[in-house]
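Line order of the protein sequences matches chains A and B. Each residue of the first sequence is one higher than the one before, starting from 1 at the first, in the working numbering. Each residue of the second sequence is one higher than the one before, starting from 1 at the first, in the working numbering.
FYI, nobody ran anything at the bench for these hints, they're computed from the structure. Glycine included, every Cβ here is placed at the ideal spot set by N, Cα and C. Hints are all accurate, no fakes.
Cβ pair distances, simulated, as ranges: (1) A:ALA75 / B:THR54: 36 to 44 Å; (2) A:THR8 / B:GLN190: 23 to 31 Å; (3) B:GLU282 / A:VAL12: 45 to 53 Å; (4) A:THR8 / B:ASP289: 32 to 40 Å; (5) A:LEU43 / B:GLU282: 52 to 60 Å; (6) A:VAL35 / B:ALA183: 49 to 57 Å; (7) A:ALA50 / B:ASP289: 34 to 42 Å.
Counterexamples of contact, computed for chain B against chain A with all Cβ distances above 10 Å: (8) ASP36; (9) ARG40; (10) ARG46; (11) ARG153; (12) PRO157; (13) MET168; (14) SER228; (15) GLU241; (16) MET250; (17) ALA251; (18) PHE284.
Derived DSS-like pairs (lysine-lysine); straight-line CA-CA distance at most 25 Å: (19) B:LYS142 / A:LYS99; (20) B:LYS138 / A:LYS99; (21) B:LYS184 / B:LYS173; (22) B:LYS173 / A:LYS74; (23) B:LYS26 / A:LYS74; (24) B:LYS173 / B:LYS26; (25) B:LYS229 / B:LYS243; (26) B:LYS184 / A:LYS74; (27) B:LYS243 / B:LYS306; (28) B:LYS26 / B:LYS184; (29) B:LYS202 / B:LYS306.
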Amino acid sequence: MTRVDTTTLAEVVKQCFEHSTDGRFTPEERARFLVEGKRLRGLLMNLLSAEFAAGTAPLVDANAAVRAVNADLKASAEQLARIATTLNNVARLVGTLDKLLNVAVSFV
Amino acid sequence: MRTRQLARLTATVALLLGITGCATNKYRAPIGAFRDDTQRTVGALRDFYQSRNTYEVDLYLNGVAADSTFEVLTADSNGPTPLGAATFSPASMTARLNALDLVGAYASRLAALASSDAPARFRDAAGLLGTNLVSLDKTFQKLSGDSDPTASRFISPIASIVGAVGEMVLEHKRDELIAAGLAKGEGPVQEVLGLVRDDLDKVFSLQVATGEAERFATLVAAYNRDRSKLSYEQRKSRLEEIKAAHRTRMAVASAVPSALVTSMLDAHAALVALARSPRRPENFAEFTDALELWASRVAFLSGQIKSLIR
Numbered sequence: 001m002t003r004v005d006t007t008t009l010a011e012v013v014k015q016c017f018e019h020s021t022d023g024r025f026t027p028e029e030r031a032r033f034l035v036e037g038k039r040l041r042g043l044l045m046n047l048l049s050a051e052f053a054a055g056t057a058p059l060v061d062a063n064a065a066v067r068a069v070n071a072d073l074k075a076s077a078e079q080l081a082r083i084a085t086t087l088n089n090v091a092r093l094v095g096t097l098d099k100l101l102n103v104a105v106s107f108v
Numbered sequence: 001m002r003t004r005q006l007a008r009l010t011a012t013v014a015l016l017l018g019i020t021g022c023a024t025n026k027y028r029a030p031i032g033a034f035r036d037d038t039q040r041t042v043g044a045l046r047d048f049y050q051s052r053n054t055y056e057v058d059l060y061l062n063g064v065a066a067d068s069t070f071e072v073l074t075a076d077s078n079g080p081t082p083l084g085a086a087t088f089s090p091a092s093m094t095a096r097l098n099a100l101d102l103v104g105a106y107a108s109r110l111a112a113l114a115s116s117d118a119p120a121r122f123r124d125a126a127g128l129l130g131t132n133l134v135s136l137d138k139t140f141q142k143l144s145g146d147s148d149p150t151a152s153r154f155i156s157p158i159a160s161i162v163g164a165v166g167e168m169v170l171e172h173k174r175d176e177l178i179a180a181g182l183a184k185g186e187g188p189v190q191e192v193l194g195l196v197r198d199d200l201d202k203v204f205s206l207q208v209a210t211g212e213a214e215r216f217a218t219l220v221a222a223y224n225r226d227r228s229k230l231s232y233e234q235r236k237s238r239l240e241e242i243k244a245a246h247r248t249r250m251a252v253a254s255a256v257p258s259a260l261v262t263s264m265l266d267a268h269a270a271l272v273a274l275a276r277s278p279r280r281p282e283n284f285a286e287f288t289d290a291l292e293l294w295a296s297r298v299a300f301l302s303g304q305i306k307s308l309i310r
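Isolated chain B (complex conformation):
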């Protein structure tokens, strides 16, 4: 009697599982890609931030080199030179670098959660439990002489069903935790990235645009002043420098490093929207589109940012 009841229960649950299907981890690949592009973006931006003070030192020494009457000084009548004091305060720079590291860690934590093997481990462990329960049941039969020796045949399949159901529950739980993490992270992460974008747009784009204009003008003035004293080879060499400075000056005019941060903001917003959506294929497709646009910009815009590093 007990055996027949167990058999019916096992068959019913197995059928239900077959109808509903097993849970699949649709988050793993897209969030993994989000993490990878975040690391590349954060890496490019870190290098850029860390070079902002040396950029001023390089520009200052460029000016000194162009005029033999200029001394190298740590301070002059206008105050400290870039050799005497950092143009951008180290403490403020550290806050920016910390911000970038925290955004990188956020993407890594999301990816770790999305790739958690807890649901699969639960299923494997439930299978192992079933195996151990069967041998334990047989042990008890030996000790007590149980009248229904076939009941133990159902322990393993029931344990497998428990494992499958448990895996689905954990998959669902993991999805909930990812959605909760994204909902909590939306505001602060968007704010941090927005402040970084403001740095690029309102501070550093002006630093670099005027810096490259000064570099070019200084080289041109020095050439025009010195040209009658220079050999042909020396003139050629100076003109090559002017050509390179002109190229950079023109490139800066069209470079928009903040576009890299804007792409990342858009991809993050799309990920948050995905977590809030019914997660149908079209919802994943929208997020993938934003991710692909960002990925296509990462390499190009990272290269532009590198060209601004001295």
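Chain A on its own, in the form it takes in the complex:
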């Protein structure tokens, strides 16, 4: 099945609109060019919207891959944060232990 060349069709559409404002054509010819230009543009838009829809499937696949990368980046940031938090908790625990020992000593 031959693909329609939408770029060439768009040039034809623009040419029709240009002729519709060209004084070298008669008013009737200009009116005809305007009608044909609008009709052809309608067809072009049908083709472009189909092309747009056809491009969705590969984009959806690529979106899933980016989503996975984002999840990895989030996990990496959490991993780094956990290391510092763990040491923070250890440091606090040592302080707490010291307080507890001092309390125990005061009872001896």
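We have chain A already, so just place chain B on it with the hints.
Same frame as chain A, now just chain B:
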């Protein structure tokens, strides 16, 4: 004896740290700038995508307004008008908007990783641990009557050294994670941006170029048909509309919205190359150059894209 050994160890490690220097976060600023320009680019492109169906509605109503014999319809002999059915399917549009949001989130996640304060927090926490270990050691001395009371003097400096070394290790780990994230993201992000660029080049540039040509031609035809029935003021007003439509038609001919996406692709490729490089100053300079070119285009090309939004 123990005290002298600790003193020698502390001095040696401190000297080594002084020679090697502390780690610095060279990624924070450039990746932060990458995130900021990504948000601006994604914002401009989102607005553009979301306006593609209303563009057709506006063009259709422009045509109806220019000819009093035309009715407003949701369907005619050619099928649904832009009022009756969206020209570009909502589901396909949603996929594009999701793609842009995901690329924006990718840049934000990279920036969050690059600005992670985990290494600094590790150093601070190690210092706190040293302080608590000193008081704990003194407590044990009280309880057990330790024969070397001066050993506790070394706990704090050793903890500081541990903190500095740990910070360097975490800085290195963070750099590795950023490089790994960029390596994984390179393919999918480049693909998403490539598909967005294709939309702009192959679909929307043709939509807008032919749309502005139709708008202009419709206004001109209506003026030429109606001019004998118009007052001077009405003619002036119509001619102002024609002038504006002509200006847009000419601007569209030279506007290349996809250049914005191309700049972003280039900057992302430069960031990936930076992560793979030895990260010398000249490597950072190359990435900064690509970033500056993109930044200079963002404002100009975003303005061009805005002018295409109806």
